[in-house]
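Colleague: Residue numbers (my numbering), protein chains in the order written: chain A, 1 to 368; chain B, 1 to 368; chain C, 1 to 368; chain D, 1 to 368.
Derived by calculation from the structure, the hints in this document are not laboratory data.
Stretches of chain B that chain A covers, calculated by requiring three or more beta carbons in the stretch to come under 8 Å of a beta carbon on chain A:
no., stretch
1, 187 to 198
2, 260 to 269
3, 308 to 319
4, 334 to 347
To give a feel for the contact side, a few chain D residues facing chain B, derived at Cβ under 8 Å:
no., residue
5, 195
6, 200
7, 204
Each pair of labels, with its calculated beta carbon distance range:
no., chain 1, residue 1, chain 2, residue 2, range
8, A, 293, C, 100, 53 to 59 Å
9, B, 100, D, 55, 25 to 31 Å
10, D, 182, A, 87, 58 to 64 Å
11, C, 221, B, 47, 50 to 56 Å
12, B, 60, D, 271, 58 to 64 Å
13, D, 55, A, 284, 39 to 45 Å
Note that the structure is a prediction, hence the values are computed from the model and not measured.
Don't be surprised by glycine CBs; every beta carbon is placed ideally from N, CA and C.
Spelled out, the chains give:
Protein chains: 4
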Amino acid sequence: MEDTLTLPYAAAQAKAPTKRIPVAVLGATGSVGQRFVQLLDGHPWFKLHEVVASERSAGKPYGEAADWRLDTVMPDDAAALPVKPLGVELKSRLVFSGLDSAVAGEAEDDYANRGCVVVSNSRNHRMDSDVPLLIPEINADHIGAVERQQKRRGGRGYIVTNPNCSVVGLALAIAPIERLYGIEAIHVTTMQAISGAGYNGVASYAIIDNVIPYIGGGEEGKIESEPRKILGRFEKDQFIDAPFRISAQVNRVPTIDGHLMTISLGLRDRNFVNVEQVREAIDNFRGEPQHLRLPSAPRKPLHYVDGDDRPQPRLDRDREQGMSVSVGRLRPCPLLDLRMVALVHNTIRGAAGAAILNAELLEAKGLL
Amino acid sequence: MEDTLTLPYAAAQAKAPTKRIPVAVLGATGSVGQRFVQLLDGHPWFKLHEVVASERSAGKPYGEAADWRLDTVMPDDAAALPVKPLGVELKSRLVFSGLDSAVAGEAEDDYANRGCVVVSNSRNHRMDSDVPLLIPEINADHIGAVERQQKRRGGRGYIVTNPNCSVVGLALAIAPIERLYGIEAIHVTTMQAISGAGYNGVASYAIIDNVIPYIGGGEEGKIESEPRKILGRFEKDQFIDAPFRISAQVNRVPTIDGHLMTISLGLRDRNFVNVEQVREAIDNFRGEPQHLRLPSAPRKPLHYVDGDDRPQPRLDRDREQGMSVSVGRLRPCPLLDLRMVALVHNTIRGAAGAAILNAELLEAKGLL
Amino acid sequence: MEDTLTLPYAAAQAKAPTKRIPVAVLGATGSVGQRFVQLLDGHPWFKLHEVVASERSAGKPYGEAADWRLDTVMPDDAAALPVKPLGVELKSRLVFSGLDSAVAGEAEDDYANRGCVVVSNSRNHRMDSDVPLLIPEINADHIGAVERQQKRRGGRGYIVTNPNCSVVGLALAIAPIERLYGIEAIHVTTMQAISGAGYNGVASYAIIDNVIPYIGGGEEGKIESEPRKILGRFEKDQFIDAPFRISAQVNRVPTIDGHLMTISLGLRDRNFVNVEQVREAIDNFRGEPQHLRLPSAPRKPLHYVDGDDRPQPRLDRDREQGMSVSVGRLRPCPLLDLRMVALVHNTIRGAAGAAILNAELLEAKGLL
Amino acid sequence: MEDTLTLPYAAAQAKAPTKRIPVAVLGATGSVGQRFVQLLDGHPWFKLHEVVASERSAGKPYGEAADWRLDTVMPDDAAALPVKPLGVELKSRLVFSGLDSAVAGEAEDDYANRGCVVVSNSRNHRMDSDVPLLIPEINADHIGAVERQQKRRGGRGYIVTNPNCSVVGLALAIAPIERLYGIEAIHVTTMQAISGAGYNGVASYAIIDNVIPYIGGGEEGKIESEPRKILGRFEKDQFIDAPFRISAQVNRVPTIDGHLMTISLGLRDRNFVNVEQVREAIDNFRGEPQHLRLPSAPRKPLHYVDGDDRPQPRLDRDREQGMSVSVGRLRPCPLLDLRMVALVHNTIRGAAGAAILNAELLEAKGLL
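With the hints as extra help, turn the sequences into a complete structure.
Modeller: Shown next, in the form of structure tokens:
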């Protein structure tokens with residue numbers, strides 16, 4: 001148990017706000033919510049002011065209401081905060097949502113309509129036609145949709161979302177290749193960690209000495225649709241999907257953290273593929289968070305890892321405090337054009353860390 | 001620890017030999033060799049007479065030489081056999097080989113040249129132009145190559161082989177589809193059990209809470225080539241490969257036994273695909289071992305398993321004593337045409353059990 | 001997935017009932033209930049006639065109501081049985097109970113008062129002053145208490161129980177030593193499998209790469225009290241506890257099945273301890289089930305396993321179809337007198353199998 | 001993969017050396033050696049100057065010779081160092097030894113005789129009559145033996161050792177109780193992580209879904225003897241063992257890092273035991289490293305962890321960067337007097353971190 005887990009704040013040089021911005025976390029007692037609380041501890045721009053959970057927890061101090069399961073100590077400040085019930089008026093304008101999808105849809109709309117900036121990890125609004133589905137290294141310009149959304153809501157509030165945990169890994173891994181050659185087809189098989197299902201999501205009797213070739217909640221559908229929005233364009237107030245097709249087959253494996261995936265890609269400019277050039281494009285890939293030096297931005301969003309047998313979840317998931325995606329085994333595919341292996345820390349870069357980076361982008365762009 | 005593990009002998013009704021045929025096992029102390037010894041115990045046609053291992057073990061009783069790791073008791077008869085050194089003259093004509101590929105190539109040739117029938121699980125001779133690579137449900141007619149091989153060797157001896165453990169699962173799973181529609185392209189990602197690497201093949205420090213996206217020994221290459229021979233034709237003394245292309249991406253996962261794989265298939269007659277018809281073709285698939293009622297033949301070589309989340313290694317690997325392949329999640333593929341999940345018990349149907357079934361076919365066909 | 005799992009019926013030669021006795025299973029959809037259904041399939045004396053579960057399942061066929069998690073196929077006969085609600089009048093006099101302890105106390109009393117013979121795996125009535133807590137190899141004479149219990153209930157009905165899963169292993173392992181030397185003190189640390197908590201009892205996020213030094217439901221208290229009743233005497237209508245004291249420290253470890261425990265014993269006749277003699281006493285231990293040749297009786301209730309590193313859960317739990325306890329590493333203790341390691345299959349000999357053996361004893365003694 | 005793992009240097013305020021002391025690591029490519037290299041990176045007092053391994057690695061750069069298995073990046077400085085062969089003359093006087101016990105005995109003597117200060121993690125010299133077996137929080141005064149050892153060697157060189165990994169946890173956990181009440185008897189059962197056996201020490205096939213009730217190399221003997229020296233006295237140039245007796249039963253479980261143990265204690269002043277007082281004594285325990293504010297000293301060497309089910313390896317092993325031992329479940333023992341659960345990070349506080357703390361003590365005491 002380390003005392004704290006910090007995102008790579010040291011490198012941050014974006015213009016900091018003059019004082020730390022107060023934030024609320026919705027669904028603060030759940031597994032994503034706990035990650036928000038952990039990662040916000042010591043954040044240079046944001047300060048946790050409010051924790052929100054279900055009626056059942058409301059009124060208790062957070063330290064009592066949350067069944068803390070992370071391997072760092074619960075921050076003292078957070079432990080002392082009283083849990084507020086979902087729906088209550090918040091003092092913070094910036095609101096992180098780790099709500100369960102059963103309630104997230106309505107609750108997030110509600111807060112956005114009241115003027116809050118809701119930075120959500122939930123799936124409900126990801127595909128809405130005026131809600132950005134952000135990976136700031138790829139589609140920072142999609143925040144242009146916020147304006148249209150604010151109009152619809154008739155106020156200053158809005159929602160931005162980050163993708164499904166596996167999609168973050170997939171979309172980042174293929175982004176430099178899409179830019180180089182264009183992508184037509186994606187075949188991906190995931191091997192996903194148990195933490196992706198929440199603390200009680202997968203029974204040990206179900207998964208030890210086993211693999212489950214299925215994940216509920218429409219996981220395959222998300223992986224087959226979200227990357228097309230993310231890597232698509234935002235033009236004339238419209239999202240236009242990228243034109244590739246995706247086939248996703250998902251599996252739950254007995255790892256704690258870190259979604260690993262095998263990827264095959266069919267390219268548009270398939271006659272000019274140069275593996276060495278692709279490898280360099282992956283390792284040299286940078287985006288807005290790096291240019292803006294956002295506090296939670298990894299130095300490199302993609303690390304190309306050498307070695308026939310890498311990346312591996314336990315060895316590579318914590319690269320740059322879990323904010324970098326690792327890629328390896330890039331080689332030609334006998335069927336499509338290129339294949340490779342990618343790894344994303346599903347509860348950091350794939351969830352709470354992604355949302356925090358999104359919020360930093362909003363602040364840097366003057367949208368908070 | 002059960003007293004013994006028997007293959008489904010009860011159903012056997014092929015004409016039995018008048019007395020049990022004496023057999024030898026090469027590499028008997030290794031992990032595949034131990035499975036041979038286990039599965040031959042109580043076999044109605046074959047009787048273990050000789051165990052062969054390296055010089056180091058030679059002379060010791062098998063019970064002392066073998067570091068027995070299976071969860072049934074070592075058969076008393078086997079324990080008492082003296083281990084013979086590789087290369088020694090054998091009294092048995094029928095020889096099972098579980099030799100390491102480092103020595104199998106030469107040793108198997110040597111015994112075949114001396115007149116033995118070598119039924120091998122090793123990879124060395126699988127792709128030889130006159131050596132059958134057998135899955136009796138699929139290509140029993142490939143044993144026609146034996147005659148040409150005997151001529152080359154100038155005697156009665158010959159080698160037959162069974163495929164790589166993952167290939168057994170893949171080839172059986174796609175065989176009925178190949179017959180229905182023809183296959184053009186196969187995309188497969190495997191999640192393979194640690195027993196596939198032998199008892200000491202994967203360190204626990206390497207695989208607990210982890211996945212390794214790589215398997216040595218040319219695993220991907222075997223999966224990309226062997227099915228083409230197996231599902232190909234044997235005509236005019238020649239093997240002619242099936243025309244499909246395969247892309248295989250392999251992973252080691254922390255399961256004890258059972259290789260699981262996600263499969264996508266591109267079909268030749270893609271316009272007429274009927275998922276329900278395919279499902280029935282899988283579940284109704286039968287072959288020579290079923291028609292001949294060979295002692296180790298499963299009643300059904302393929303079981304279609306209902307349920308969104310099946311097959312699973314721990315729940316389905318022992319179906320029909322590990323001799324059946326389980327298939328599930330058959331559905332259209334957004335990229336190719338069909339996709340599904342398959343599971344094979346890698347050390348039974350994928351190794352020693354496969355070789356024993358091959359030997360039973362040879363006996364039933366009068367080739368011993 | 002094997003077709004069925006049978007207890008060692010082959011050896012059974014006790015006088016069989018003229019026709020199979022109809023039985024009911026209470027809590028049939030739970031994890032212990034499923035084991036009952038599995039183990040009763042093909043039982044030579046008993047035939048499953050009724051399955052009972054909560055209101056929620058009532059009316060559905062068992063095949064639909066039960067979320068079957070065992071690695072053998074659900075018996076067809078069982079699948080077709082309609083689930084009856086708890087409390088309903090039963091046609092079977094013999095009733096197996098795998099009820100959750102939250103409801104078992106009252107429900108079992110109720111059926112016993114109505115004239116049923118309730119053979120229970122639940123903890124509620126184990127320590128009652130007229131309820132036998134049976135391990136037939138140790139205390140078959142405790143069924144004498146049934147008479148007193150019948151008087152109390154004013155009818156033919158009664159309850160008998162089997163011990164906590166860890167206690168079955170502990171009590172059997174020490175029984176021959178108690179007879180040889182007398183036991184004064186027992187120190188035991190258990191490492192218990194996840195199946196002991198039911199299918200959803202332990203979250204994978206809680207136990208992979210981990211050990212939990214605690215088990216709820218008063219586990220340590222049961223281990224510290226039940227063996228004293230089991231190894232005590234039944235005299236003059238009274239249970240008199242054995243005089244030893246026990247300290248139990250329990251742990252949950254990431255194994256599927258099989259509770260392993262380290263045991264240290266302080267003896268009354270400590271000056272005469274002969275390790276070799278103890279080892280033989282363990283391996284030669286037999287009891288009523290062996291003398292009566294009950295259908296589910298293992299040939300040997302205790303197996304002494306040689307080898308510095310045995311017994312081990314995965315290698316030894318299935319010995320004699322899970323009905324035997326394995327013991328190893330017997331050696332002097334620097335603190336007390338003797339120490340050793342024991343292993344019990346927690347869901348077979350430690351639960352459903354134990355209850356079935358108890359019912360067989362009752363039948364053989366004319367108490368059904 | 002984090003960029004580095006640092007021990008809690010921030011708090012260090014002991015008088016630092018004027019410039020960083022050059023050090024060598026023996027057995028640098030092994031698992032303990034890699035931990036030395038990792039933990040020395042960025043150490044405020046010590047600077048890695050030389051890496052020593054077997055002939056086979058000699059001459060290669062460390063980055064090539066070492067099969068790095070830790071989840072932080074190999075330090076660039078270390079990667080560039082050429083590996084020197086064991087036996088070569090070293091420039092560093094301070095030498096850390098992570099040598100295998102097969103060679104450590106002679107090699108460490110050799111370097112000490114040549115004038116080096118050998119701070120060893122190997123077992124060979126731990127029980128020598130003039131070699132301190134140090135846990136600086138407990139027996140810092142044992143370094144008095146160094147003087148006698150230097151005389152024997154006829155020079156300035158000497159050896160100090162740290163205990164076996166489990167012993168570090170046991171000795172620290174009981175030290176405050178020994179001081180309060182005196183200890184007469186210790187019963188300990190360990191559940192040890194696979195990393196304790198080195199990277200390839202435990203095959204995955206041997207340990208997944210399993211527990212092995214045995215650890216080679218005399219593990220139980222070490223746990224039964226080393227604590228008596230550590231908690232004993234050094235008087236008149238002699239080590240006098242503490243008078244308690246220990247019974248240790250060891251198990252290997254499928255955890256990556258962190259040895260958990262259940263402990264029962266018989267006390268000398270058993271009539272005055274106050275559980276609350278013991279708990280406070282554990283949590284308030286401090287020693288020389290804390291008083292001297294050594295760079296690697298944890299703020300608290302012992303953390304008492306509340307909660308029925310704590311400590312747990314995965315949640316508690318990294319407390320204070322792996323340098324603190326966690327204790328929980330303190331309660332009376334029905335057999336002896338007190339019982340509890342303790343946890344130590346076996347490769348940090350139980351190995352390389354322990355040795356580094358020992359070296360810091362030597363420097364602070366002017367012995368380098």
